[in-house]
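Colleague: Read off the chains here:
Number of protein chains: 2
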Amino acid sequence: MQELAGYTLFLEKEIEKLEFPSSPSNLYDPLRYFMTLGGKRMRPILTLLGAELFGEKIENALPAALAVEVFHNFTLIHDDIMDEAPKRRNKQTVHTKWNRNIAILSGDVLFVQGFQLLAKQKSEHLSSLLDLFNKTAIEVCEGQQLDMDFESRQNVSIPEYIEMIRLKTSVLLGCALEMGAIVANAEKEDRRFLYDFGQHIGIAFQIQDDILDLYANPEKFGKQVGGDVISNKKTLLNLKAFDMADSAQRIILNQLALEKDAVLKVTKTRELYDLIGARSACEVHMQEYYSHAMQSLSKVNTPEKSKLPLIALADFLMKRDI
Amino acid sequence: MQELAGYTLFLEKEIEKLEFPSSPSNLYDPLRYFMTLGGKRMRPILTLLGAELFGEKIENALPAALAVEVFHNFTLIHDDIMDEAPKRRNKQTVHTKWNRNIAILSGDVLFVQGFQLLAKQKSEHLSSLLDLFNKTAIEVCEGQQLDMDFESRQNVSIPEYIEMIRLKTSVLLGCALEMGAIVANAEKEDRRFLYDFGQHIGIAFQIQDDILDLYANPEKFGKQVGGDVISNKKTLLNLKAFDMADSAQRIILNQLALEKDAVLKVTKTRELYDLIGARSACEVHMQEYYSHAMQSLSKVNTPEKSKLPLIALADFLMKRDI
Numbered sequence: 007m008q009e010l011a012g013y014t015l016f017l018e019k020e021i022e023k024l025e026f027p028s029s030p031s032n033l034y035d036p037l038r039y040f041m042t043l044g045g046k047r048m049r050p051i052l053t054l055l056g057a058e059l060f061g062e063k064i065e066n067a068l069p070a071a072l073a074v075e076v077f078h079n080f081t082l083i084h085d086d087i088m089d090e091a092p093k094r095r096n097k098q099t100v101h102t103k104w105n106r107n108i109a110i111l112s113g114d115v116l117f118v119q120g121f122q123l124l125a126k127q128k129s130e131h132l133s134s135l136l137d138l139f140n141k142t143a144i145e146v147c148e149g150q151q152l153d154m155d156f157e158s159r160q161n162v163s164i165p166e167y168i169e170m171i172r173l174k175t176s177v178l179l180g181c182a183l184e185m186g187a188i189v190a191n192a193e194k195e196d197r198r199f200l201y202d203f204g205q206h207i208g209i210a211f212q213i214q215d216d217i218l219d220l221y222a223n224p225e226k227f228g229k230q231v232g233g234d235v236i237s238n239k240k241t242l243l244n245l246k247a248f249d250m251a252d253s254a255q256r257i258i259l260n261q262l263a264l265e266k267d268a269v270l271k272v273t274k275t276r277e278l279y280d281l282i283g284a285r286s287a288c289e290v291h292m293q294e295y296y297s298h299a300m301q302s303l304s305k306v307n308t309p310e311k312s313k314l315p316l317i318a319l320a321d322f323l324m325k326r327d328i
Numbered sequence: 007m008q009e010l011a012g013y014t015l016f017l018e019k020e021i022e023k024l025e026f027p028s029s030p031s032n033l034y035d036p037l038r039y040f041m042t043l044g045g046k047r048m049r050p051i052l053t054l055l056g057a058e059l060f061g062e063k064i065e066n067a068l069p070a071a072l073a074v075e076v077f078h079n080f081t082l083i084h085d086d087i088m089d090e091a092p093k094r095r096n097k098q099t100v101h102t103k104w105n106r107n108i109a110i111l112s113g114d115v116l117f118v119q120g121f122q123l124l125a126k127q128k129s130e131h132l133s134s135l136l137d138l139f140n141k142t143a144i145e146v147c148e149g150q151q152l153d154m155d156f157e158s159r160q161n162v163s164i165p166e167y168i169e170m171i172r173l174k175t176s177v178l179l180g181c182a183l184e185m186g187a188i189v190a191n192a193e194k195e196d197r198r199f200l201y202d203f204g205q206h207i208g209i210a211f212q213i214q215d216d217i218l219d220l221y222a223n224p225e226k227f228g229k230q231v232g233g234d235v236i237s238n239k240k241t242l243l244n245l246k247a248f249d250m251a252d253s254a255q256r257i258i259l260n261q262l263a264l265e266k267d268a269v270l271k272v273t274k275t276r277e278l279y280d281l282i283g284a285r286s287a288c289e290v291h292m293q294e295y296y297s298h299a300m301q302s303l304s305k306v307n308t309p310e311k312s313k314l315p316l317i318a319l320a321d322f323l324m325k326r327d328i
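Protein chains in written order, with our numbering: chain A, 7 to 328; chain B, 7 to 328.
To be clear, the hints were calculated from the coordinates, so they are not data collected in a lab. Source: prediction; values computed, not measured. Hints may be right or wrong, so weigh each one.
Chain copies aren't distinguished; within one or between two, either way the pair holds.
Straight-line alpha carbon distances no greater than 25 Å define the calculated PhoX-like cross-link-like pairs of lysine-lysine that follow [claimed, not checked]:
1. K19 x K46
2. K194 x K128
3. K23 x K141
4. K19 x K128
5. K141 x K311
6. K126 x K194
7. K93 x K239
8. K63 x K126
9. K226 x K274
10. K229 x K266
11. K141 x K128
With the hints as constraints, model all of the structure from the sequences given.
Modeller: Next up, the structure:
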């Protein structure tokens, strides 16, 4: 993502500058730790690009960009508790390194700090920013709840799954972009097109994530390849496979779900998915959302040249192998 | 609290009107349940009274009042998880009735709804309201963290304890009042005096809470009398007792902390506290904070008559037996 390296560097420096009080250390040490664990910083980059698209200096959208990143990290801290995840980006999660109560409360305080950052934007934009941010935060919680609900449900349809990832992942990408556009005083219609671009890229990104979980290069992938298969997680890959399987294949898929040998389970499942054509079917879906995103972007009323960084980011997200 | 019954009734009706989506039901059912469990609704009443004190219609401060109540309930849902409390107001807590993950996420979404309510206030007040609300929310989290930290600490001083209850409980009372004053366009100096009134009443209120836990009438008290003693919780009563005890009494206090028979433990501890004079010492403290609160209120530049509802509320809080 060479074209965007400048934005990432700028953001990393600003994230390092975020100040957390020294006391109570059990509340703020986890935040100092977690906020500098890294990551692609994709969401705040979107806010900066959203502002720049309409001719605004990126510095003027910085508080909103940081608010989005802080909010995203808050959701990760709480999600990790709920998912009982021991690691995140190859490092211990907050509830593992400290404890669950500290992770709940540190997450809560980080969430407030997101609102504090947002409140640094000009007061004329505050009401619009707050409305969008609140609506999005609620949708992200709804998405996480649906994801948890799906664990214990037998039949999850593909539209239901897409709606879940839209809420859990994609709306925040749309929100990040639109917040930049709000700061840049963009027209409502353009804001909406930009939001749709982000939302559709987000869905395509999440489908790519589902595919990578099983098909990534183990040497580059930060976590165990096939983790979703091992834990019988419902993903688009899994739902497509069941949807497209014939009755004999469906019996084997159900048997594989009970397989105890993790390596065997992953290898056999991948072979069967390939036979069924589940991966290609997911890639078709992903391409559809990507195209829809590009259509939305093309409707934004700014010079085509101004859109190149957003196109570069979208391409990177689609072609990544991690 | 006869003088304030009208405000309570008005608020209960408005709280009932709060709308939660039907789906995902695991996210919103807990909120429908928890928000109507009752309680004194003391904090939103303070916001309404804060607005009325400066001649504003209470209806105009309603969103801010509801935001405070919603925020308070969010903290209760998360605190109950951290404290592993099975009951709240004689009813099951959210994490007991549903599960811990649902309680984390329902709490998160309720918190956002607090900000959504706040955003309904006029945009000219939004920046001030948000700054105060954010600062307070962070302090409340800090107070909860200190409270948890104290559990595993041997020596907690009385000033440290007072600072903890100031953060955990009192700042929200000050905030609730000042939000009403902001909506009513009160002068900054008056806002500050009113905040101080709330903060000091809050500390007195919490000291009263500590005393009631051991000295309440069991027939009126909603929970087990002596619960703090049984769990060896650090309270002002407990810290004062250790502080004032002679060396022989201190040995007995340490022995009583290990006592397994709950009834015996509570009875013997109460007898010893009385002998030491811990309750009276706490009441002196409580009276000091009450007097300080009244001094702050007297400095607010409005007719004395306008302050009567606030004085009635403060008196009720000090004289309550539940």
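Colleague: Evaluate each hint against the coordinates.
Modeller: Going through the hints against the structure:
For a Cα distance limit of 25 Å, the shortest separation of K19 from K46 inside one copy, 14 Å, qualifies, whereas the shortest one across copies, 47 Å, does not. Within a single copy, K194 and K128 get their C-alpha atoms as close as 18 Å, and across copies as close as 21 Å, so both meet the 25 Å cut-off. Only between protomers do K23 and K141 lie at most 25 Å apart by alpha-carbon distance; the minimum there is 19 Å, versus 28 Å within a single protomer. Taking the shortest Cα distances, K19 and K128 sit within 25 Å of each other inside one copy (22 Å), while across copies they are farther apart (36 Å).
For the identical chains of this complex, K141 and K311 are neighbours neither inside a copy (31 Å) nor across copies (42 Å), given an alpha-carbon limit of 25 Å. Taking the shortest Cα distances, K126 and K194 sit within 25 Å of each other both inside one copy (22 Å) and across copies (20 Å). Taking the shortest Cα distances, K93 and K239 sit within 25 Å of each other inside one copy (17 Å), while across copies they are farther apart (34 Å). Taking the shortest Cα distances, K63 and K126 sit within 25 Å of each other inside one copy (16 Å), while across copies they are farther apart (30 Å).
In the homo-oligomer, the alpha carbons of K226 and K274 lie at most 25 Å apart inside one protomer (22 Å), although the nearest pairing across protomers, at 65 Å, exceeds that limit. Taking the shortest Cα distances, K229 and K266 sit within 25 Å of each other inside one copy (19 Å), while across copies they are farther apart (48 Å). In this assembly of identical chains, K141 and K128 lie within 25 Å of each other by CA distance both inside one copy and across copies; the values are 20 Å within and 18 Å between.
The structure shown violates just one earlier hint, number 5.
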